Amino acid sequence: MSTASPHAGRPEALLEVRDLGMTFPGPRGSLRRRAGIRAVDGVSFDVHPGETLGLVGESGCGKSTTGRMLVRLLDPTAGRVAFRGQDITRTGQRELRPLRSRLQMIFQDPFASLNPRQTVRQIIAAPLRAQGESAQAIRREVRDLVGLVGLAPEHLERYPHQFSGGQAQRIGIARALATRPELVVADEPVSALDVSIQAQIVGLLERLQRELGVAYVFIAHDLAVVRHISHRVAVMYLGRIVEIGERQQVYGNPAHPYTRALLSAVPLPEPAAERARERIVLLGDPPSPADPPSGCTFHPRCPKARELCRTEPPLLRLTAPDGTRQAACHFPEV
Amino acid sequence: MSLLEVRGLAVEFDTAEGPVRAVRGIDFTVERGRTLGIVGESGSGKSVTSLAVMGLHRGAAVTGSVRFDGTELIGAPEESVRRLRGRRIAMVFQDALTALHPYFTIGDQIAEAYREHHGGSRKAARARAVEVLGDVGIPDPARRAREHPHQFSGGMRQRAMIALALSCEPDLIIADEPTTALDVTVQAQVLDLLAGQQQARGLGLVLITHDLGVIARIADEVLVMYGGSAAEQAPADRLFTAPRHPYTRGLLDSLPRLDAPEGEPLRAIPGSPPSPLAPPPGCAFHPRCAVYAEHGSPLCTADRPLLRLVAEGHRNACALDEVTTG
Numbered sequence: 001m002s003t004a005s006p007h008a009g010r011p012e013a014l015l016e017v018r019d020l021g022m023t024f025p026g027p028r029g030s031l032r033r034r035a036g037i038r039a040v041d042g043v044s045f046d047v048h049p050g051e052t053l054g055l056v057g058e059s060g061c062g063k064s065t066t067g068r069m070l071v072r073l074l075d076p077t078a079g080r081v082a083f084r085g086q087d088i089t090r091t092g093q094r095e096l097r098p099l100r101s102r103l104q105m106i107f108q109d110p111f112a113s114l115n116p117r118q119t120v121r122q123i124i125a126a127p128l129r130a131q132g133e134s135a136q137a138i139r140r141e142v143r144d145l146v147g148l149v150g151l152a153p154e155h156l157e158r159y160p161h162q163f164s165g166g167q168a169q170r171i172g173i174a175r176a177l178a179t180r181p182e183l184v185v186a187d188e189p190v191s192a193l194d195v196s197i198q199a200q201i202v203g204l205l206e207r208l209q210r211e212l213g214v215a216y217v218f219i220a221h222d223l224a225v226v227r228h229i230s231h232r233v234a235v236m237y238l239g240r241i242v243e244i245g246e247r248q249q250v251y252g253n254p255a256h257p258y259t260r261a262l263l264s265a266v267p268l269p270e271p272a273a274e275r276a277r278e279r280i281v282l283l284g285d286p287p288s289p290a291d292p293p294s295g296c297t298f299h300p301r302c303p304k305a306r307e308l309c310r311t312e313p314p315l316l317r318l319t320a321p322d323g324t325r326q327a328a329c330h331f332p333e334v
Numbered sequence: 001m002s003l004l005e006v007r008g009l010a011v012e013f014d015t016a017e018g019p020v021r022a023v024r025g026i027d028f029t030v031e032r033g034r035t036l037g038i039v040g041e042s043g044s045g046k047s048v049t050s051l052a053v054m055g056l057h058r059g060a061a062v063t064g065s066v067r068f069d070g071t072e073l074i075g076a077p078e079e080s081v082r083r084l085r086g087r088r089i090a091m092v093f094q095d096a097l098t099a100l101h102p103y104f105t106i107g108d109q110i111a112e113a114y115r116e117h118h119g120g121s122r123k124a125a126r127a128r129a130v131e132v133l134g135d136v137g138i139p140d141p142a143r144r145a146r147e148h149p150h151q152f153s154g155g156m157r158q159r160a161m162i163a164l165a166l167s168c169e170p171d172l173i174i175a176d177e178p179t180t181a182l183d184v185t186v187q188a189q190v191l192d193l194l195a196g197q198q199q200a201r202g203l204g205l206v207l208i209t210h211d212l213g214v215i216a217r218i219a220d221e222v223l224v225m226y227g228g229s230a231a232e233q234a235p236a237d238r239l240f241t242a243p244r245h246p247y248t249r250g251l252l253d254s255l256p257r258l259d260a261p262e263g264e265p266l267r268a269i270p271g272s273p274p275s276p277l278a279p280p281p282g283c284a285f286h287p288r289c290a291v292y293a294e295h296g297s298p299l300c301t302a303d304r305p306l307l308r309l310v311a312e313g314h315r316n317a318c319a320l321d322e323v324t325t326g
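Protein chains in written order, with my numbering: chain S, 1 to 334; chain E, 1 to 326.
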């Protein structure tokens, strides 16, 4: 497991995200067409060099939309993203190109993100070729990369369909790392894999971070995986960050009732521990972002909700005295 | 007499690339009021097993014995199996949206299934549908019964499918990954519902999943499958505290846990699950097995190891069981 954030407390961020928002148009012909659906609303965080920020939440919470905006696969409708101090929110695709090599993405479905007609060599070489490297340098680097992610040189001439899911994800990781990026956004990179393979890929990502110093934004719904790999964690609910802070704070002593409920809902793989545990069972389903509740959007499911929660949306504020965690709750746990 | 007794169940498919032995002779028993969890990864044969028990294995050759409440189902006329299915054995699938008909209301689908097996008036069947929808915690069931599946959220649809399964008062429910498509807070609700109904009605429950946490929460007995065979079988408490098979141990070691000590590394199992088209000789797990790597025995590559009793109610299919457990 990762230890404390290597850059905790240091001011210079690799990535600065401020008040990021994404509003999709509402369904055609509906009254909400004009208002739109706020998939992401006022999301702010920093990512420091060499650290992992985990982004967790349930389906529809906006974590994947956020990840896509960080690498500009989606253009935000509000807020800004700065990479190494440079605002990239409205940079044109041409000026974005040199940045692409420093900012990469890994996807959930390795097969869907690999071109089925290209060999592994072609897939991994593509980003290097785009940088205009010599054929000889590319050959050498591609060989180094497959070794780095635990594949063999004979795999280079094969096609994606000849690999298992875990191996295909290794190819996706090799491609993402080819240009030695400083930041990789990984969107559910292990959730499509068998349990026994997930640990291999998590271990690989951790080793690559130690060896290359790459920072990750690790997006997942699996709270145990995120706890394992992250230095800091942001919990999202209905498009907003409800809690963010050092992993030990968020997991060890969660301040937001949603974080508490989420953690208590994850079954432990041990019957005795599972029976002994105090569980907070939430009522109902996560609401639709098309029709968010008033005030704190969690209030209809919150066991602690009071009148204020129904009317006033809470802001993210510090709840740990040493500044290691913030929560958006009127009545946070202390 | 046990509610469900499966002996030597084997399922073989013909594919373009040759025959596939998806399940190779497994045994298990489910008693009334008990929950058997079947856990395995892709290609382990866990879902094929459940379909074969239900008689839903189209085009596959099924051999062995499946006795439900004393009646043999393998080789029984399709009509008699069909009468049991839905009436006394019900199934809950992963994806409620494909299992429910999009055109009919939730209430009509439940009422129709009830009438098919119990007869009676339309009105009585409608009342029964509203009653079971209420049982599974759907608020305002009389109104929701008139809605279509797409008007239900994922968690509510899964509840509706459980209501459909319960409506005919079955003795056995087979649930195949019933909470895999759900968010974790909703999964907790649906597992509580399944376990609660199972207890209240004294049903037998077979729960098929890849998630050891789900197994730990509601199973009494666990069958671990790998490469079409049983690797280990034990009471749930024992399986998690004293696992014997190297695969079960590896799986538990590779699982990140919310209650793991800080800084504890994950120990991954090397390699991938075997392809059912080209299974390794001998024990299907031996190419990935840490015990084989260290104490390799010709036994591991010769035959598929059979389950042997290693403690009360605890069976392990490993030729190196004595080595593993010292």
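Keep in mind the hints are simulated off the structure, nothing from the lab. Every value quoted in this text rests on a predicted model; they were computed, and no experiment measured them. Keep in mind that a hint or two might mislead.
Listed below are several chain S residues computed to face chain E (Cβ distance under 7 Å; list not exhaustive) [as the list claims (entries may be wrong)]:
id, residue
1, Leu-96
2, Pro-98
3, Ala-137
4, Ser-164
5, Leu-268
6, Glu-278
7, Leu-282
8, Pro-289
Partial pick of chain E residues on the chain S-facing surface, computed with a CB cut under 8 Å [to be verified]:
id, residue
9, Gly-55
10, Gly-59
11, Leu-84
12, Gly-86
13, Ser-153
14, Met-156
15, Val-214
16, Leu-251
17, Asp-259
18, Leu-266
Using N, Cα and C, we set each Cβ at its ideal position, and we do this for glycine too.
Could you tell me which of the hints above the structure violates, numbers in ascending order?
1, 2, 3, 6, 8, 9, 10, 11 and 12
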